[in-house]
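Using the hints, build the complex out of the two chains.
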Amino acid sequence: MLLSLLFICLLAAGLLAKVNDMTEKPISDAKALKLEEAIKNVVPPFDNNPVNESYKVATEKGDSLIVYPAKKGDDVVGFAVNSYSDDGFAGNIQVMVGFDTQDNVVNYAVLAHAETPGLGSQMVDWFKPQVQELSLIEKIFGFEIKKTETKSSIIGKSPGTTNFSVSKDGGDIDAISASTITSRAFLEAVNKAYAAYTQSENYTSTGATIVPEEDATEIKE
Amino acid sequence: MTKNIRILINGVVKDNPVFVLLLGMCPTLATTSSAINGMSMGLATMFVLVCSNLVIASLKNFIPDLVRIPAFIVIIATFVTIVEMVMNAYLPALADSLGIFIPLIVVNCIVLGRAEAFAAKNTVLSSLFDGVGIGLGFTLALTLLGVVREFMGSGRMFSVSFFPEDFGVTLFILAPGAFIALGYLVAIFNKLQRK
Chain G
40 MLLSLLFICL
50 LAAGLLAKVN
60 DMTEKPISDA
70 KALKLEEAIK
80 NVVPPFDNNP
90 VNESYKVATE
100 KGDSLIVYPA
110 KKGDDVVGFA
120 VNSYSDDGFA
130 GNIQVMVGFD
140 TQDNVVNYAV
150 LAHAETPGLG
160 SQMVDWFKPQ
170 VQELSLIEKI
180 FGFEIKKTET
190 KSSIIGKSPG
200 TTNFSVSKDG
210 GDIDAISAST
220 ITSRAFLEAV
230 NKAYAAYTQS
240 ENYTSTGATI
250 VPEEDATEIK
260 E
Chain X
2 MTKNIRILIN
12 GVVKDNPVFV
22 LLLGMCPTLA
32 TTSSAINGMS
42 MGLATMFVLV
52 CSNLVIASLK
62 NFIPDLVRIP
72 AFIVIIATFV
82 TIVEMVMNAY
92 LPALADSLGI
102 FIPLIVVNCI
112 VLGRAEAFAA
122 KNTVLSSLFD
132 GVGIGLGFTL
142 ALTLLGVVRE
152 FMGSGRMFSV
162 SFFPEDFGVT
172 LFILAPGAFI
182 ALGYLVAIFN
192 KLQRK
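As given, the protein sequences belong to chains G and X, one line each in that order. Residue numbers for the first sequence, in the working numbering: 40 to 260. Residue numbers for the second sequence, in the working numbering: 2 to 196.
Bound conformation, chain X alone (with noise of 0.2 Å):
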């Protein structure tokens, strides 16, 4: 049990997908405009991982090496349609907001990454704990860039006015603002991390 609770906390802090692996950066810099915006990403991508990685885990010694990938694809899309459809019937103002970025998690290097290079090796249950660090670690790290984000670019954090929008720069709100707030907390993290 300690091992997996390890894998759990590694998946958010020593392998962190986002500001450590440097995976998944299309989503990360796309859809963290707002922190709504990127906590929502995460938690949908955090689902497919989870289920992705758990079906994968089980179905290990049934799938044959050469057709994996196409097998963990065929997985992997299934959980995402089951997303989409499931956000677009019961959450439809998210769905547009986050738009061609929940189809695109099938192609989430992350999503594949840990199916190919952790469940494809581990029991099930170290899979689930691993799907669910990850995937932690993914939330985390979007919600932290959208608040950053919100917060520099319009004064907002959750949608909530901190200060007037006048004095916002709207630089961050763009693309080239998510590549520099993600520059720093890269930056920041790793420094933490070090110590």
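Chain G with its partners taken away, still in its complex shape (with noise of 0.2 Å):
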């Protein structure tokens, strides 16, 4: 009895070994090209190793963000931060956020988050540019259903002109309807980007902007 579940555990373990030795290099892999995507995605087009070159930067709460500067030559053209909050409707929210030498946002990505599928996910792309999809009824019957039109975009804005907090709480930015809570968390970990990689030692903005007085990391209850 003894000999036979141990026979059958020793057969796992040394399975699962094997498995193991296999899959840890493409699992490193998936990883990393995950990360590097993401970083793609999010700033000007470059041609360092911005994984090379990231350095921490502290915030105010004590702990860091990681921040990748993007480069062509020597000149920096853009930041990506991988920001995070921890105040999203299902916890921890994910995202690299990417700026610009103005500080513009150039684009996002969210890495990881557990917000309600259909409500809160929807922030992937509800703070992108709207993209007019058609769907099939109108491309077959050929007609097009007017959409409800928001101003949830946040590319090509800087927080530093931009209140990026959303319209209830007297911002700039729409919030996704029915996930005020995500929206409010997703802004919160872009603020918190911008205000650690401003305050970092390496940022030189080359963009006439003004960080106004008000702090731009407060999101107001």
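Any given hint could be a false lead.
Said to hold, decoys possible - Computed footprint of chain G on chain X, listed as stretches where at least three residues anywhere in the stretch have a Cβ under 8 Å from a Cβ of chain G:
#1 20-34
#2 62-74
#3 145-156
#4 169-183
Unchecked claim - Each pair of labels, with its calculated beta carbon distance range:
#5 194(G) to 6(X): 54 to 60 Å
#6 177(X) to 76(G): 31 to 37 Å
#7 48(G) to 161(X): 45 to 51 Å
#8 48(G) to 167(X): 52 to 58 Å
#9 104(X) to 68(G): 53 to 59 Å
#10 70(G) to 167(X): 32 to 38 Å
#11 164(G) to 158(X): 51 to 57 Å
#12 192(X) to 194(G): 49 to 55 Å
#13 208(G) to 188(X): 44 to 50 Å
#14 129(G) to 158(X): 22 to 28 Å
#15 93(G) to 6(X): 56 to 62 Å
#16 164(X) to 164(G): 34 to 40 Å
#17 208(G) to 158(X): 32 to 38 Å
As the list claims (entries may be wrong) - Below 20 Å or equal to it, Euclidean Cα-Cα: the simulated EDC-like pairs (lysine to aspartate or glutamate) are:
#18 167(G) to 166(X)
#19 192(X) to 16(X)
#20 178(G) to 166(X)
#21 70(G) to 66(X)
Everything labelled a hint here was simulated from the structure, so no lab data went into it. All residues carry an ideal CB built from backbone N, CA and C; glycine is no exception.
This is the structure:
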């Protein structure tokens, strides 16, 4: 009895060790690729290796965010900041936010989240300019249904000049309908990224942006 | 051979794990918010089911009755871990969206249920057919539920947009919609089967 169980466990352990050996490299490759893709998507084209040149920046809360500088030749063309928020509807949200040298948001990518599918999970595309995708019945019958328009995009705007909080809180960004908590958390993460990288030593803004007096990271309740 | 074919068809129709046996409700309700998620979850479970059925059926004379449950669980857990590692390596996006439900296949009652009720009593070949049948039944049920929920909720089917998302009923993507859709599907399935 003992022997047979032991034998089965040994066999299982051996098999798993073998599979682990085989998949270890692909798994770490996939993770690295995901990070690289995220950086590539959020900053202007670059030719350096941002992952190798990344550095950490302390935030006001005492933790740190990783900043990936994107360079073309010797010129810095933008920064990708790996930011997060713990105030999502279902906890932690990880976002990669890219800024150009004028402090404008180039793009963002949500790296990890556990928000409600269909509601909070819309943040993956919500804060980008709306894409008019025609549905099948519109294509077949050749008419277009007017969709609700929102001013939800953060692309091309800077947290220094635009108030990055939801319109319900007096900000300039429309929250995801029925997901205000997620929207607040997302914008908090973006503001945190902005605050962290503008405060870093390597920060050199070529834009004439003056950081406004009121704290951009503050999210009003 | 006809017996084995019957076992396979039974798994999909007469013993459909979701619509008839009402087993494995947790992944059924949680992972079917879109058709592709439901289908991948079904396929992952099917793989585990087939492999564990095969191994358990071939080891059944070697495993003493007293320790059969721990032995089955070890075998099932091994295959689940393999699925998880392979998925993380080659399909990271899918692994992200299925999340915790892949490791949870270990405690899926369909897998242990089939090991205990079928594989431990039948030949290797029959067990293989049973695994494929039940696995197919599970996959079809999850895909169907995913299609219904995705279509009602966001006007899409396998990510192809049929009508604008604004007209979708968000409820269907959320948990209550899963229960409603499942209830109706079970009713329809049983009605059709009784004829």
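Can you name, in rising order, the numbers of the hints this structure does not satisfy? Numbers 1, 9, 11, 16, 21, in rising order.
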